[in-house]
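Asks: Residues per chain are reported as follows:
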Amino acid sequence: GNSVTQMEGPVTLSEEAFLTINCTYTATGYPSLFWYVQYPGEGLQLLLKATKADDKGSNKGFEATYRKETTSFHLEKGSVQVSDSAVYFCALSQGVGGFKTIFGAGTRLFVKA
Amino acid sequence: SQTIHQWPATLVQPVGSPLSLECTVEGTSNPNLYWYRQAAGRGLQLLFYSVGIGQISSEVPQNLSASRPQDRQFILSSKKLLLSDSGFYLCAWDSGNTIYFGEGSWLTVV
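Sequences listed follow chains R and E, in order.
In short: position in the first sequence from 1, add 16, done, that's my numbering.
In short: position in the second sequence from 1, add 4, done, that's my numbering.
Calculated from the structure, these hints are not laboratory results.
Please note that the accuracy of each hint is not assured.
Below, a list of computed lysine to aspartate or glutamate pairs in the DMTMM-like style, where the Cα atoms sit at most 25 Å apart [unchecked claim]:
hint, chain 1, residue 1, chain 2, residue 2
1, R, Lys-76, E, Glu-26
2, R, Lys-116, R, Glu-31
3, R, Lys-84, R, Glu-58
4, R, Lys-116, E, Glu-26
5, R, Lys-116, E, Glu-107
6, R, Lys-68, R, Glu-31
7, R, Lys-72, E, Asp-98
8, R, Lys-116, R, Asp-70
9, R, Lys-116, R, Asp-100
10, R, Lys-68, E, Asp-89
11, R, Lys-128, E, Glu-30
12, R, Lys-116, E, Asp-89
13, R, Lys-116, R, Glu-32
14, R, Lys-76, E, Asp-75
15, R, Lys-128, R, Glu-85
16, R, Lys-76, R, Glu-58
17, R, Lys-93, R, Glu-79
18, R, Lys-76, E, Glu-63
19, R, Lys-128, R, Asp-71
20, R, Lys-93, R, Glu-32
21, R, Lys-68, E, Glu-63
22, R, Lys-128, E, Glu-63
23, R, Lys-128, R, Glu-32
Cβ pair distances, simulated, as ranges [claimed, not checked]:
hint, chain 1, residue 1, chain 2, residue 2, range
24, R, Thr-67, E, Ser-62, 43 to 51 Å
25, E, Glu-63, R, Ala-129, 39 to 47 Å
26, R, Tyr-46, E, Gln-17, 23 to 31 Å
27, R, Gln-61, E, Gln-77, 32 to 40 Å
28, R, Phe-34, E, Ala-44, 26 to 34 Å
29, R, Lys-72, E, Ile-60, 32 to 40 Å
30, E, Ser-33, R, Phe-34, 38 to 46 Å
31, R, Thr-44, E, Val-55, 20 to 28 Å
32, R, Ser-99, E, Thr-7, 22 to 30 Å
33, R, Thr-86, E, Pro-73, 33 to 41 Å
34, E, Ala-44, R, Tyr-46, 31 to 39 Å
From the three backbone atoms N, C-alpha and C, an ideal C-beta is built for every residue, glycine too.
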């Protein structure tokens, strides 16, 4: 079956450091891929998504490229801020509707000033 | 634009008491609706989803139930809470295959 694996956290970075959170997936066909962010005490917010191979999703300085050949969707940001401290979830979905959405376990990011 | 609201935001309930969490979606009709649970420090667990009024699918057998009395209303209930029901409950809807979440409800069972 389909699955999502993301790097274990927590990840601790200093402000202005480069961020990479790895995400790989297993799926048949061509799923859509997502990154969600959860700030402390809040629900999940859609950060970015990509629906086909080689698509790049981007938002708020974050980017992720849908790599079919390596079945990956790594999240990157060139310069993190303290306000980026949150839990990041990678997810995939196939078919119509969100019924078959699978979420990774989440990666907690701490950014120090 | 579409918005989703759920309440209450926080509640502390004794073991054995009932539960009712409510969620409403605005700006769309006949949405697919979801209830997820997030235990402390853990990932997301899909509990229920609904494709229409009165139509509920349960993903995990447990002490909880869900109902959809109106098109844009989704309710999560329990008759008798257990300590293990504590967690962060998230209502969600989808557009295409993209899921959008509400603000969440913190439940502590004591």
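Asks: Hints numbered earlier in the text: which of these fail when held up against the supplied structure?
Replies: 1, 2, 3, 6, 9, 10, 11, 13, 14, 15, 18, 19, 21, 22, 24, 26, 27 and 33
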